[in-house]
Amino acid sequence: MKISKNVIGALIFFIFSVSYGYHAYQIPLYPGEEYDVFTSQTMPKLYAFLGIIVSILAIIMSVLNDSRTTNDTEKSADDFDKKSWLQVASLIALMVYYGATLEQFGFILSTISFLIFGFLILGERSKKRLFLASVPVVIVFWAIMTQLLGIYLSPGDLWG
Amino acid sequence: MNIKQLTLASMAIGLLSFVSTSVVANEKIDIKKIHFLIPGGPGGGWDGTARGTGEALMKSGKLENASYQNMSGGGGGKAIAYMIETAEKQKNTLMVSSTPIVVRSLSGVFPQSFRDLKPVAGTIADFGAFVVRKDSKYYDWRDVLADFKQNPRKVKFSGGSSRGSLDHLVAAMAIKAGRAKPRKLVYVAYDGGGKAMAALLSGETAILSTGVGEALTMAKSGDVRILAITSKERLKVLPDTPTLTEMGYNVVFANWRGFFAAPTMSDEKVAAYAKLLGDVQETPEWTEIQERNGWVNMYNPDSEFYAFLEKQEKDLGVLMRELGFLK
Amino acid sequence: MLDGLIIGFQTAMSMQNIMFVIFGCFVGTFIGMLPGLGPITAIALMIPITYGIDPSSGMILMAGVYYGAIFGGSTSSILINAPGVAGTVATSFDGYPMACKGQAGKALAIAAYASFSGGTIAAVFLLVAAPMLSKVSLSFQSPDYFALLLLGLTAVAAFSNKGSFLKSIMMTLFGLMLSTIGTDQASGVERFTFGQIDLLDGISFLLIAMSMFALSEALLSIISNNRDKKLGIASVTTEVGSLKLTRAEIKEMAPTVARSSVLGFFVGVLPGAGATIASFLAYGMERNLASAKEKLKFGKGSLRGLAAPETANNAACSGSFVPLLTLGIPGSGTTAVMLGALMSYGIEPGPRLFVDNPEVFWSVIVSMYIGNVVLLFINLPLIPYIAKALTLPKQLLTVLILFFSLIGVYLVSFNAFDIFMMAGFAVIAIGLRLLNFSMSPLILGFILGGMLEQNLRRSLTLSDGSISFLWDRPITLGILTVTALVLLMPIISTLRQALSSTSQEKEADI
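Residue numbers (our numbering), protein chains in the order written: chain A, 8 to 167; chain B, 1299 to 1625; chain C, 170 to 679.
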């Protein structure tokens, strides 16, 4: 039996609601609050409860729907596009890299490298374009932020 | 080498080392520049304090270079951790902070406390005020206390910050000093002083705990009355408003703002900065900025500042334990 | 009032002040357009510049920046589905689909005209009734806000882009859950922070909006672009289309604009509500008032669906000046910064402002007119150029969008951890979208969740635990009744249809 996206989605949300609900019970209460009707736990518990109900409903409905209709045509042209997904994954990794290096290398260096790597990942090869699309943008941005607006941008711990 | 050359050489070396050590010694106490570290975002209270102070210092010529760095997160904890971790590099950095640093390290919001840094000086303060609408039945703080003792639920205090923060603690302090049970205080939290004031004016709440600075405008226009403030003596701007102290309650609370240095800064430099921050308060440039922002001067340098912080920590600690915020 | 107008015009029409309005609008639009940089930062940065000039001019400058930013924010909402300002989230619901269909130019033009109309009509209200409106500002209490927020939540959450009611409920709940992360204001207790100091203040709106809208959109577009290239389909979004609106279209949108301005203005007047709620309520209202045929267009590129929130958010901006100027109460972060600025000029907004400093009061209002006109003239001609930005080669555009989204959030908090969070949320958003979940109800739940809970909590505390707050005040009761109607409407109409169409084919109605 092919499990449709709808069921998967609802199932994930179900699991999430359960774990959210579990953690909701862990929320500390301040002394005296145990007797209150409405506490810091109330809304989270409510959300978790509703989440569980709705996701179960959704699972049931999807299963019913799926057994009624046969749609194989969800996305037939969707043979797993490895190249695109690789690009997406690399860009996500690149963002993590950016977050890690921004304060170490300093804004200018880190951003230029982020942009250049990003362009490279997406297939840009022309050295001229790589340079032109990254360096001027960063310099101008840096200039506006630090000189015009007085916002401090990390010069980098390497130069510290 | 002959003796003559040797003597000259050693004299040169001696002279050089003398000069270099004095240069180094002077470099240690170079307070011509300050890099302000602001634990919050641009436009906030800390930000305004730092930039205003920097502006006064620059304009009055006491400072040659001022730079500002915002670093928000963790209620100010991130900047504190940063100061400690990169202490070596923060040779000219002063971090601005205020009372919440004491409150939050007490409640464990962050693991560090003011002791992990070097307090330089407290510079300004805002006192607490209890405010009611102009058509309120309360004219005297003591009536509020009396009603509270009868039925705490009838006298709910509102404030613009979350439960357990300053507005709440100040109200609890006042209640406790009036010999009532602070635990019974019902505190209604609002998202900001403006909304809390709006709630007061709309009739939703009866009494508001806030800072004098925020209540001043409304009080002057007559829409609200300030029943009491938490300074020791009456304030110039509010000559008719009694203080809790003069009513016989032992409550003095100041929401101070001040500056801290990295733990590795030498004591001489800390003292030098402290003096700088005090000197600037005598200048007309400072007065202009001070009035512009509604600040009240409360200069507390160096070791006096440290003692003040310790006392505040102790007092607040007792209160917070009683209220159940601390185990 | 007439002398007020005269004073206002005299002050506002000075060469200097007009320059300020224009400058402010430019700066504001520019900053608003960059997804991420927001009006609060923009205005906060303007403050030092304004120290040297007189208060009226300073206010005029800041007001210009404020409107400009709101308007600029719609640009990124429409073009790249990246609402940088909470008030423009609703704009993306129909604005982005329009852009995808090649109607970006028209969408931007509608946004411009709608914003202009909303702002101008609201300015008229302000002019006529400002001092009296302060009473309205103070008429709402926590139960009323709760009801209003509930209305906003239901009016919009009930609809969805992908045709599944349950899915949008799940996303709304997810957004509500995300809004609980952080320190609970009413109790001072940490929730779902797992010891992370960076989560103490909760997750910022900007972070969620940028990562779940802009980042995920940009990343997913890589996949669809590559696929389109393979199949030889031309990329959809480079077409801008004409800016012109036909008479019929204008006629269709006119009632929407009128209604949304009024709604937006009054919501803006309330200190506890602002452009964001106004835009959601207007969107919901228009959708519910539309005929069944029209309703289906919402979410897919309906003109009304775009005009309503755009009108409402600008009207609300004007409205939010009421509590600011007449009571000295800021209703939002932006007005709070302006309040700080006013006080630093030595001007005390409040009931006295009207009397003591009439020139400040009236000139701000008049400058709103001027600002609105300026905005229209700046933005309409700019649209083709702005849209040209979309024609940059996809590789460059995508990475630049990533950069601006990340840096926009970083510049507010200066916390590298936020960037990591954004990467994480982007992954989550991509996963959700692939499973056919829509992001809009999520962000709606997220934005409204916090306020909803706080107001509910306060209402219960103030009523000492009794639920009577739900019907104690007429305003609360009134709004809740409307909410109930909104919820029941689809059910009632389905029943009606089922009853009346005995001989006709029954169509599944979701």
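Treat each hint with caution, since some may be false.
Below are the DMTMM-like pairs computed for lysine to aspartate or glutamate, each with C-alpha atoms no more than 25 Å apart in a straight line [said to hold, decoys possible]:
| id | chain 1 | residue 1 | chain 2 | residue 2 |
| --- | --- | --- | --- | --- |
| 1 | B | Lys1573 | B | Asp1438 |
| 2 | B | Lys1567 | B | Asp1441 |
| 3 | C | Lys270 | C | Asp525 |
| 4 | B | Lys1452 | C | Asp223 |
| 5 | B | Lys1479 | C | Glu517 |
| 6 | A | Lys12 | A | Glu110 |
| 7 | A | Lys52 | C | Asp223 |
| 8 | B | Lys1357 | C | Asp223 |
| 9 | C | Lys304 | B | Asp1489 |
| 10 | B | Lys1534 | C | Asp367 |
| 11 | A | Lys52 | B | Asp1600 |
| 12 | B | Lys1331 | B | Glu1353 |
| 13 | B | Lys1567 | B | Asp1613 |
| 14 | B | Lys1387 | C | Asp633 |
| 15 | B | Lys1454 | B | Glu1353 |
| 16 | B | Lys1331 | A | Asp73 |
| 17 | B | Lys1435 | C | Asp633 |
| 18 | B | Lys1452 | A | Asp43 |
| 19 | B | Lys1534 | B | Glu1386 |
| 20 | B | Lys1474 | B | Asp1521 |
| 21 | B | Lys1432 | C | Glu517 |
| 22 | B | Lys1452 | C | Glu463 |
| 23 | B | Lys1482 | A | Glu110 |
| 24 | B | Lys1454 | C | Glu359 |
| 25 | B | Lys1518 | B | Glu1602 |
| 26 | B | Lys1447 | A | Asp43 |
| 27 | B | Lys1482 | C | Asp525 |
| 28 | B | Lys1387 | B | Asp1345 |
| 29 | B | Lys1389 | B | Asp1328 |
| 30 | B | Lys1567 | B | Asp1438 |
| 31 | B | Lys1609 | B | Asp1438 |
| 32 | B | Lys1331 | B | Glu1583 |
| 33 | B | Lys1454 | C | Asp367 |
| 34 | A | Lys52 | C | Asp367 |
| 35 | B | Lys1474 | B | Asp1613 |
| 36 | B | Lys1567 | B | Asp1521 |
| 37 | B | Lys1330 | B | Asp1577 |
| 38 | B | Lys1331 | B | Glu1580 |
| 39 | B | Lys1534 | B | Asp1521 |
| 40 | B | Lys1482 | C | Glu359 |
In short, the hints are calculated from the structure, not lab data.
Results for each hint:
1. Restraint check for Lys1573(B) and Asp1438(B): the C-alpha separation of about 41 Å exceeds 25 Å, so the hint is violated.
2. Straight-line distance between C-alpha atoms of Lys1567(B) and Asp1441(B) comes to about 50 Å, which puts the hinted pair past the 25 Å bound.
3. Distance check on the hinted pair: Lys270(C) and Asp525(C) sit about 53 Å apart at the alpha-carbon level, beyond 25 Å; violated.
4. Distance restraint check for Lys1452(B) and Asp223(C): the Cα-Cα separation of roughly 46 Å exceeds the 25 Å cut-off, and the hinted pair is therefore not satisfied.
5. Proximity of Lys1479(B) to Glu517(C) is assessed by CA-CA distance (about 37 Å); at most 25 Å being required, the pair is judged violated.
6. Pair hint Lys12(A) plus Glu110(A) does not hold up; C-alpha atoms about 40 Å apart against a cutoff of 25 Å.
7. The hinted pair formed by Lys52(A) and Asp223(C) fails the criterion: a straight-line CA distance of about 53 Å is larger than 25 Å.
8. At most 25 Å may separate the alpha-carbon atoms for a hinted pair to count; Lys1357(B) and Asp223(C) meet this at roughly 20 Å.
9. Distance restraint check for Lys304(C) and Asp1489(B): the Cα-Cα separation of roughly 21 Å lies within the 25 Å cut-off, and the hinted pair is therefore satisfied.
10. Annotation: proposed proximity of Lys1534(B) to Asp367(C) is violated, straight-line Cα distance about 41 Å (limit 25 Å).
11. A hinted pair counts as satisfied when its Cα atoms are at most 25 Å apart, and Lys52(A) with Asp1600(B) does not qualify at roughly 49 Å.
12. Proposed proximity of Lys1331(B) and Glu1353(B) is supported: the alpha carbons are some 12 Å apart, at most 25 Å.
13. For the hint pairing Lys1567(B) with Asp1613(B), the CA-to-CA distance comes to about 30 Å; that exceeds 25 Å, so the pair is violated.
14. With a CA separation close to 54 Å, the supplied pair Lys1387(B) and Asp633(C) exceeds the 25 Å bound.
15. Note on Lys1454(B) and Glu1353(B): the hinted pairing is violated, with a Cα-Cα distance of about 41 Å set against a maximum of 25 Å.
16. Our distance criterion of 25 Å between C-alpha atoms is broken by Lys1331(B) and Asp73(A), whose separation comes to about 70 Å.
17. For the hint pairing Lys1435(B) with Asp633(C), the CA-to-CA distance comes to about 21 Å; that is within 25 Å, so the pair holds.
18. Of the pairs offered as hints, the one joining Lys1452(B) and Asp43(A) holds, with about 17 Å between alpha carbons and a cut-off of 25 Å not exceeded.
19. Of the pairs offered as hints, the one joining Lys1534(B) and Glu1386(B) is violated, with about 43 Å between alpha carbons and a cut-off of 25 Å exceeded.
20. Restraint check for Lys1474(B) and Asp1521(B): the C-alpha separation of about 28 Å exceeds 25 Å, so the hint is violated.
21. Distance check on the hinted pair: Lys1432(B) and Glu517(C) sit about 19 Å apart at the alpha-carbon level, within 25 Å; holds.
22. Restraint check for Lys1452(B) and Glu463(C): not satisfied, since their Cα atoms lie roughly 52 Å apart, outside the 25 Å limit.
23. Restraint check for Lys1482(B) and Glu110(A): the C-alpha separation of about 47 Å exceeds 25 Å, so the hint is violated.
24. For the suggested pair Lys1454(B) and Glu359(C), the alpha carbons sit about 24 Å apart, so the restraint of at most 25 Å is met.
25. With a C-alpha separation of about 34 Å, the suggested pair Lys1518(B) and Glu1602(B) falls outside the 25 Å cut-off, and the hint is violated.
26. With a C-alpha separation of about 21 Å, the suggested pairing of Lys1447(B) with Asp43(A) holds against the 25 Å cut-off.
27. Between Lys1482(B) and Asp525(C), the direct Cα distance comes to roughly 43 Å. Violation of the 25 Å bound is thereby established for this hinted pair.
28. The hinted pair formed by Lys1387(B) and Asp1345(B) meets the criterion: a straight-line CA distance of about 22 Å does not exceed 25 Å.
29. Only pairs whose Cα atoms come within 25 Å are accepted, and Lys1389(B) paired with Asp1328(B) is accepted, the gap being roughly 9 Å.
30. About 48 Å separates the Cα atoms of Lys1567(B) and Asp1438(B), which puts this hinted pair outside 25 Å; it is violated.
31. With a C-alpha separation of about 29 Å, the suggested pairing of Lys1609(B) with Asp1438(B) is violated against the 25 Å cut-off.
32. Restraint check for Lys1331(B) and Glu1583(B): the C-alpha separation of about 18 Å stays at or below 25 Å, so the hint holds.
33. Between Lys1454(B) and Asp367(C) the alpha-carbon distance is near 32 Å, which puts this suggested pair outside the 25 Å criterion.
34. Taking the CA atoms of Lys52(A) and Asp367(C), the gap is about 24 Å. The hint holds against a cut of 25 Å.
35. Using a Cα cut-off of 25 Å, the hinted pair Lys1474(B) and Asp1613(B) holds, with the two alpha carbons roughly 12 Å apart.
36. With a CA separation close to 48 Å, the supplied pair Lys1567(B) and Asp1521(B) exceeds the 25 Å bound.
37. Using a Cα cut-off of 25 Å, the hinted pair Lys1330(B) and Asp1577(B) holds, with the two alpha carbons roughly 14 Å apart.
38. With a CA separation close to 19 Å, the supplied pair Lys1331(B) and Glu1580(B) stays within the 25 Å bound.
39. Proximity of Lys1534(B) to Asp1521(B) is assessed by CA-CA distance (about 20 Å); at most 25 Å being required, the pair is judged to hold.
40. Taking the CA atoms of Lys1482(B) and Glu359(C), the gap is near 22 Å; set against the 25 Å cutoff, the hint holds.
Of the numbered hints listed earlier, those contradicted by the structure are 1, 2, 3, 4, 5, 6, 7, 10, 11, 13, 14, 15, 16, 19, 20, 22, 23, 25, 27, 30, 31, 33 and 36.
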